[in-house]
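This is what each chain is made of:
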Amino acid sequence: MSTQDIIDTLAGIKPGSALDAIRARRLQARENAQKSYLSLFEPIDASDVSLLERAAVAAFVTGLHGESPVASFYRDKLAASAGGAALLEAIDAEIARGQTSGPYGSFPSGPLSVENTAGLIYRVSAASKPALGARLAAALEHAHLLVFRPRDAASADMKALLDAGWSATGIVTFSQLVAFLSFQVRVVSGLRTLAAATA
Amino acid sequence: MSTVNPPVAFTQDELGWVSWIDPLPEAELTERHYAGLVDRSRAKSEYFRLLVRDPEVLEARTKTDKDIFYNVADGLPRAERELAAAATSRYNGCIYCASVHARFASTYSKRRDDVQRLLDEGVKADLGERWNAVVKASVALAATPIAFGPDNIAELRRAGLDDAEIVDVINGASFFNWANRLMLSLGEPSK
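Chain order of the listed sequences is D and Y. Letter 58 of the first sequence, counting from 1, is numbered 58 in the numbering used here, and no numbers are missing. Letter 140 of the second sequence, counting from 1, is numbered 140 in the numbering used here, and no numbers are missing.
One or more of the hints may lead you astray.
Claimed, not checked - Only pairs whose alpha carbons sit at most 35 Å apart, straight line, appear in this in silico DSBU-like list of lysine-lysine: (1) Y:110 - Y:63; (2) Y:191 - D:14; (3) D:159 - D:129; (4) Y:63 - D:159; (5) D:14 - Y:44; (6) D:14 - Y:66; (7) Y:44 - Y:191; (8) D:14 - Y:136; (9) Y:63 - D:77; (10) D:14 - Y:110; (11) Y:63 - D:35; (12) Y:136 - Y:124; (13) Y:136 - D:77; (14) Y:44 - Y:63; (15) Y:191 - Y:136; (16) D:159 - Y:110; (17) Y:124 - Y:110; (18) Y:63 - Y:124; (19) Y:191 - D:159; (20) D:129 - D:77; (21) D:77 - D:159; (22) Y:66 - D:77; (23) Y:136 - Y:66; (24) D:159 - Y:66; (25) D:77 - Y:110.
As the list claims (entries may be wrong) - If the Cβ cut is set under 7 Å, some of the chain D residues that face chain Y in the computed set are: (26) 3; (27) 4; (28) 9; (29) 12; (30) 24; (31) 41; (32) 110; (33) 116; (34) 156; (35) 160.
By construction, these hints were calculated from the structure, which means they are not laboratory data. Glycine is no exception: its CB is placed at the ideal position from the N, C-alpha and C atoms.
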């Protein structure tokens, strides 16, 4: 595969370094984290989730995690996407509005209810809706839930996406996208922290 | 419509999982889908027949998962990789994922009571220096914004983990931030 490994790139792992050697011991994981990235951002079939939607959601999700090389990478990716420049202002504004700390949310009613933690129930601003459109507005609201309060997720949230025009297959791809980014941003952060502690 | 009896507490018991949107019917699966499932037997699982709606992503996700957890030729013992998965799931609130990986952690560590304390008391349970370091690192990684820092690395090293083992903790805990979000948001567990 000619494409540079995205996790190595974002984590600043150089060929021949100690962490390069450690990552090579989990070659299948390394190669398939890369394939996950490619199948989400260079899919063979983008009919259920457009490339622009993928880039916009990625910029939003990684931006919600705070400033980082990963967030910059996906913001640049959105800016370079066809139609992306027109979304940047709205995505930046929504990231700022969506900032909070997680995970929070509620457990099923019972002994775990004492652990319920209230927090922001994020909704897209009226000002951003015209630029984003109904599908992306619904996607950002659901992405925020997945990032910060995944235990609050309910069947009604699936209905909201279906009502906004998302297909069942589109929901699966979109959910994988947000969940994958939640993984990728953490691996990169962890590896960067380890590299800094080893230097 | 199947009857769902959702668990209200963390458990090491075996749970079912019911999708909120339609999985693909088994009869409609093609070779492209079976490639995505990786193991053909996964066609029996509602969860995997749902995720196989995007076969390429599922295949890559599954192979990432398997190497992070099952490749024990070197690195962190399987029990502690499962502990990272269980702790992450406990903290994010995924009762289903926690049940599976708490069971695995118990099986591989033979410390079922300690694993149960993680489920009952939460991620602050005192499980001894080494397990505490793994749980704390997993929790710091699961937080948004990410709270994992040099103190976590120092603590893992004091507990005896080398850098390759620390990477296994980072991979295992990070992976469950992927898995938890799918399991929690596309359906629900059932007793």
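Hints versus structure:
A hinted pair counts as satisfied when its Cα atoms are at most 35 Å apart, and residue 110 of chain Y with residue 63 of chain Y qualifies at roughly 27 Å. With a C-alpha separation of about 48 Å, the suggested pairing of residue 191 of chain Y with residue 14 of chain D is violated against the 35 Å cut-off. A C-alpha spacing of about 19 Å is found between residue 159 of chain D and residue 129 of chain D, which places the hinted pair at or below 35 Å, so the restraint holds. With a C-alpha separation of about 30 Å, the suggested pairing of residue 63 of chain Y with residue 159 of chain D holds against the 35 Å cut-off.
For the hint pairing residue 14 of chain D with residue 44 of chain Y, the CA-to-CA distance comes to about 42 Å; that exceeds 35 Å, so the pair is violated. The suggested pairing of residue 14 of chain D with residue 66 of chain Y holds, with an alpha-carbon distance near 25 Å, which does not exceed 35 Å. Between residue 44 of chain Y and residue 191 of chain Y the CA atoms are separated by roughly 18 Å; this keeps the pair inside 35 Å, and the hint holds. Using a Cα cut-off of 35 Å, the hinted pair residue 14 of chain D and residue 136 of chain Y holds, with the two alpha carbons roughly 28 Å apart.
Restraint check: the Cα-Cα separation between residue 63 of chain Y and residue 77 of chain D comes to about 26 Å, which is no more than 35 Å; the hinted pair holds. Between residue 14 of chain D and residue 110 of chain Y, the direct Cα distance comes to roughly 39 Å. Violation of the 35 Å bound is thereby established for this hinted pair. A hinted pair counts as satisfied when its Cα atoms are at most 35 Å apart, and residue 63 of chain Y with residue 35 of chain D qualifies at roughly 10 Å. Proposed proximity of residue 136 of chain Y and residue 124 of chain Y is supported: the alpha carbons are some 8 Å apart, at most 35 Å.
At most 35 Å may separate the alpha-carbon atoms for a hinted pair to count; residue 136 of chain Y and residue 77 of chain D meet this at roughly 33 Å. The straight-line distance between the Cα atoms of residue 44 of chain Y and residue 63 of chain Y is roughly 19 Å, inside the 35 Å bound, and the hint therefore holds. Of the supplied pair hints, the one linking residue 191 of chain Y and residue 136 of chain Y holds, its CA atoms being roughly 29 Å apart against a limit of 35 Å. Our distance criterion of 35 Å between C-alpha atoms is broken by residue 159 of chain D and residue 110 of chain Y, whose separation comes to about 43 Å.
Proposed proximity of residue 124 of chain Y and residue 110 of chain Y is supported: the alpha carbons are some 20 Å apart, at most 35 Å. Our distance criterion of 35 Å between C-alpha atoms is met by residue 63 of chain Y and residue 124 of chain Y, whose separation comes to about 32 Å. Of the pairs offered as hints, the one joining residue 191 of chain Y and residue 159 of chain D holds, with about 24 Å between alpha carbons and a cut-off of 35 Å not exceeded. A C-alpha spacing of about 21 Å is found between residue 129 of chain D and residue 77 of chain D, which places the hinted pair at or below 35 Å, so the restraint holds.
A C-alpha spacing of about 30 Å is found between residue 77 of chain D and residue 159 of chain D, which places the hinted pair at or below 35 Å, so the restraint holds. For the given pair, residue 66 of chain Y sits about 30 Å from residue 77 of chain D by alpha-carbon distance, which is consistent with the 35 Å threshold. Taking the CA atoms of residue 136 of chain Y and residue 66 of chain Y, the gap is about 23 Å. The hint holds against a cut of 35 Å. Taking the CA atoms of residue 159 of chain D and residue 66 of chain Y, the gap is about 32 Å. The hint holds against a cut of 35 Å.
With a C-alpha separation of about 47 Å, the suggested pairing of residue 77 of chain D with residue 110 of chain Y is violated against the 35 Å cut-off. Look at residue 3 of chain D: its Cβ only gets to about 14 Å from chain Y, farther than 7 Å, so that hint breaks. The beta carbon of residue 4 of chain D comes no nearer than 17 Å to any beta carbon in chain Y, farther than 7 Å, and the hint placing it at the interface is violated. Violation of the interface hint for residue 9 of chain D is found here, the shortest Cβ-Cβ separation to chain Y being roughly 17 Å, above the 7 Å cut-off.
Look at residue 12 of chain D: its Cβ only gets to about 15 Å from chain Y, farther than 7 Å, so that hint breaks. Interface hint status for residue 24 of chain D: violated, as the beta-carbon distance to the closest one in chain Y is roughly 10 Å, over 7 Å. A least Cβ separation of about 11 Å between residue 41 of chain D and chain Y goes past the 7 Å threshold, and the interface hint is therefore violated. The beta carbon of residue 110 of chain D comes within 3 Å of a beta carbon in chain Y, closer than 7 Å, and the hint placing it at the interface holds.
Evaluation of the residue 116 of chain D hint against chain Y yields a violated restraint, the C-beta minimum of about 10 Å exceeding 7 Å. Because the beta carbon of residue 156 of chain D sits about 9 Å from the nearest beta carbon in chain Y, more than 7 Å, this interface hint is broken. Contact between residue 160 of chain D and chain Y, as hinted, is not supported at the beta carbon level, the nearest pair being about 12 Å apart and thus beyond 7 Å.
Comparing the model with each numbered hint stated earlier shows that hints 2, 5, 10, 16, 25, 26, 27, 28, 29, 30, 31, 33, 34 and 35 do not hold.
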